[in-house]
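**Q** Protein chains in written order, with our numbering: chain A, 625 to 680; chain B, 27 to 515.
Since the hints were derived computationally from the structure, they do not count as laboratory data. Be aware that one or more of the hints could be misleading.
[Stated by the list, open to error] A few chain A residues facing chain B, derived, Cβ under 7 angstroms:
#1 M645
#2 Q646
#3 F656
#4 A668
[What the hints assert, rightly or not] Pulled a few chain B residues facing chain A out of the computed Cβ check, cut under 7 angstroms:
#5 Q95
#6 V98
#7 L105
#8 I106
#9 Y122
#10 G123
#11 A186
#12 L187
#13 L191
#14 L419
#15 R420
#16 G454
#17 P458
#18 I511
#19 P513
All values derive from a computational prediction rather than experimental measurement. Backbone N, C-alpha and C define an ideal beta-carbon position, used for all residues, glycine too.
Read off the chains here:
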Amino acid sequence: MLEQEHVADLKQDLEQRIDIMQNMGDEELGTFSRLDWVILVVFAIVIPVIAMELAR
Amino acid sequence: MSHPKPGGQGAGHEEFQGDLLSIYGREPMLPHEREYKFWGAHGTCFAYSIATWCFLTGGILANYVGAIQGMVCLIAGNLIGTLMVAASLSAGCHRYGLEQIDFCKPAFGQNGARIVLIFYLINMIGWSGLILVMFGNGIVNVVDAMGYQPPDWLAGAGVALGIWLTYIITTRGVHMLSLFNNIITPGLIVVVCFMFYMLVTAHGWDEIVAAKPLDPLPEAWMNYAVAVELGIASGISWWGGIGFLARNTKKRRNAIYPEVIHFGLVNGIVCSIALVSGLVIGSDDPTRWMVPMGGLAMGIMALVFVALANITSTSVSLFASGLALRHIPGLRKRSWKFIIALTCLPLVFYAIWPTELFDLGDTFLAYNGTMQAPVAGILLVDYFLLKKQHINLRSIFESAPSGQYYYTKGFNFLALGGIILGQFAYFGIYDPFTDEAHWVFRYLPATVAAFVLPGLVYWAGMKFWLEEKYRSRSAGAESTPNQLISPNI
Numbered sequence: 625m626l627e628q629e630h631v632a633d634l635k636q637d638l639e640q641r642i643d644i645m646q647n648m649g650d651e652e653l654g655t656f657s658r659l660d661w662v663i664l665v666v667f668a669i670v671i672p673v674i675a676m677e678l679a680r
Numbered sequence: 027m028s029h030p031k032p033g034g035q036g037a038g039h040e041e042f043q044g045d046l047l048s049i050y051g052r053e054p055m056l057p058h059e060r061e062y063k064f065w066g067a068h069g070t071c072f073a074y075s076i077a078t079w080c081f082l083t084g085g086i087l088a089n090y091v092g093a094i095q096g097m098v099c100l101i102a103g104n105l106i107g108t109l110m111v112a113a114s115l116s117a118g119c120h121r122y123g124l125e126q127i128d129f130c131k132p133a134f135g136q137n138g139a140r141i142v143l144i145f146y147l148i149n150m151i152g153w154s155g156l157i158l159v160m161f162g163n164g165i166v167n168v169v170d171a172m173g174y175q176p177p178d179w180l181a182g183a184g185v186a187l188g189i190w191l192t193y194i195i196t197t198r199g200v201h202m203l204s205l206f207n208n209i210i211t212p213g214l215i216v217v218v219c220f221m222f223y224m225l226v227t228a229h230g231w232d233e234i235v236a237a238k239p240l241d242p243l244p245e246a247w248m249n250y251a252v253a254v255e256l257g258i259a260s261g262i263s264w265w266g267g268i269g270f271l272a273r274n275t276k277k278r279r280n281a282i283y284p285e286v287i288h289f290g291l292v293n294g295i296v297c298s299i300a301l302v303s304g305l306v307i308g309s310d311d312p313t314r315w316m317v318p319m320g321g322l323a324m325g326i327m328a329l330v331f332v333a334l335a336n337i338t339s340t341s342v343s344l345f346a347s348g349l350a351l352r353h354i355p356g357l358r359k360r361s362w363k364f365i366i367a368l369t370c371l372p373l374v375f376y377a378i379w380p381t382e383l384f385d386l387g388d389t390f391l392a393y394n395g396t397m398q399a400p401v402a403g404i405l406l407v408d409y410f411l412l413k414k415q416h417i418n419l420r421s422i423f424e425s426a427p428s429g430q431y432y433y434t435k436g437f438n439f440l441a442l443g444g445i446i447l448g449q450f451a452y453f454g455i456y457d458p459f460t461d462e463a464h465w466v467f468r469y470l471p472a473t474v475a476a477f478v479l480p481g482l483v484y485w486a487g488m489k490f491w492l493e494e495k496y497r498s499r500s501a502g503a504e505s506t507p508n509q510l511i512s513p514n515i
């Protein structure tokens, strides 16, 4: 295949991927709610900071 | 639609067929191409988190603090540091299927991200070399424990063996990596639990808790402050692998939870084994003390699994480095084997001079790691506060000046200045080479300052000054077309 055709194919594939990913929603990628963030912040920030202060 | 389906296009150059475009390249990775589901994500994160770097970190902390303070700093610090870097990277790379350096472009600019790329590659390949030297040293220790005199060249030969194994795994793709991790993860869990069990039964909890730090600093408060700093810095140092893992994960929750659990909690626990062994035995290297304590069979088993964990960790690092190398125009169309061979090339020096480079590299990488905090702080602010989790994907792959992330000649100097500011903030508070510290260090870890300060300055500068300027310029240039003008892939 000629180099120019490669580039054209590559560009076309990239364009399609961009359109697909730009418009993708929770159905395909899964949800991540505010509650998830709260859990993570409590688990990985709040409790560790308290533990560090208690151990100081 | 007349276009072929993405990820499934026809014949031609082997490297540009089907899913290879995204798996071995930088194209946005579609959900069906991603490898990791729930168990795959947990297994890979677990195996990646356990490598000899855990034992290195835990061993250093044994110099400053006792077991309880050390364990708290290692576990809590790793959790904090990991979430600091994973929040934006994991969310963004997963949502858009982006390679990690591509995710830096909205903040640092098309060309600015290449500066991050240089530090990224040095860090990833440098760490890989260090791990492989530790892999080689582990072989030396076991040969020694078996009663033989290890030859001088054995550590270097171990590095060479590690490079070969890593090359084999990495060139066979993420699926092979996932399979490998699924095999060794259960064994690693057993080995880690057994190590803790051996230490507690041999020395008793009371002795462990009462053990004094090995080489504390004169000022008492400094020891705990340094331990907190090292714990958080250890978590921050996961920056390099997070984007790669998130990009290869199918669902959002499986992208971020396993990273925080394994890089934060599990890594902290495994680091604690080295802390405890350093305190009560005087060695943080399990391949040394597992043989006399658990017998030859357990010592060799520990070596084998820890060694295999080193190989998986190096494989993840080299895979991510290989993808990052695709940013260099001359390497975009090269075969994946060529790219991985290129990432392995600098590692050969570690096989030739394992001891010398290990001694030099440790200090250098400690400095290099301080760069990750400001980059992570800026990415967090940019993705969540400025971009509100909406990235213009087309502009990431657009080299033309009309792209939204072109900024000034491809650089966002405010973000790049933030990295320098972070360095000043870090070394203004704590110098890890001399252990000199500002009084603020008692309350504020240098890594946190190097994360927060650049993030705040970047947010204020973009929000009240540059964001409007760049937006109006883009509008004036009638940018954001629906077709790429000059794709950078």
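**Q** If a hint holds in the structure, say so; if it does not, say that too.
**A** So, going through the hints one by one against the coordinates:
About 4 angstroms separates the beta-carbon of M645/A from the nearest beta-carbon of chain B, less than 7 angstroms, and the hint is met. Hint on Q646/A holds. Least Cβ distance to chain B is approximately 5 angstroms, under the 7 angstroms limit. Given the 7 angstroms rule on beta carbons, the hint for F656/A holds: about 4 angstroms separates it from the nearest Cβ of chain B. Restraint check, A668/A versus chain B: the minimum CB separation of about 4 angstroms is within 7 angstroms; hint holds.
The interface hint given for Q95/B holds, since its Cβ lies 5 angstroms from the closest Cβ of chain A, which is under the 7 angstroms cut-off. About 4 angstroms separates the beta-carbon of V98/B from the nearest beta-carbon of chain A, less than 7 angstroms, and the hint is met. Interface hint status for L105/B: upheld, as the beta-carbon distance to the closest one in chain A is roughly 4 angstroms, under 7 angstroms. Residue-level restraint check for I106/B holds (minimum Cβ-Cβ distance to chain A is 5 angstroms; threshold 7 angstroms).
For Y122/B, the shortest C-beta to C-beta distance to chain A is roughly 5 angstroms, which falls under 7 angstroms, so the interface hint holds. Nearest Cβ of chain A to the Cβ of G123/B: about 5 angstroms, under the 7 angstroms cut. The hint holds. With a cut of 7 angstroms, the hint placing A186/B at the interface with chain A is violated, because the nearest CB-to-CB distance is about 36 angstroms. Hint status for L187/B: violated, given a least beta-carbon distance of 37 angstroms to chain A, over 7 angstroms.
The closest approach between the C-beta of L191/B and any C-beta of chain A is roughly 32 angstroms, which is over the 7 angstroms cut-off, so the hint fails. Hint status for L419/B: holds, given a least beta-carbon distance of 5 angstroms to chain A, under 7 angstroms. The criterion of a C-beta within 7 angstroms of any C-beta in chain A is met by R420/B, whose closest approach is roughly 5 angstroms, and the hint holds. Interface restraint check for G454/B: the shortest CB-CB distance to chain A comes to about 22 angstroms, outside 7 angstroms, so the restraint is violated.
For the restraint placing P458/B at the interface with chain A, the shortest Cβ-Cβ distance is roughly 19 angstroms, beyond the 7 angstroms limit, so the hint is violated. For I511/B, the interface hint is violated, since its Cβ never comes within 7 angstroms of a Cβ in chain A; the closest pair sits about 10 angstroms apart. Interface restraint check for P513/B: the shortest CB-CB distance to chain A comes to about 5 angstroms, inside 7 angstroms, so the restraint holds.
Violated hints, in rising order: 11, 12, 13, 16, 17, 18; the structure is consistent with all others.
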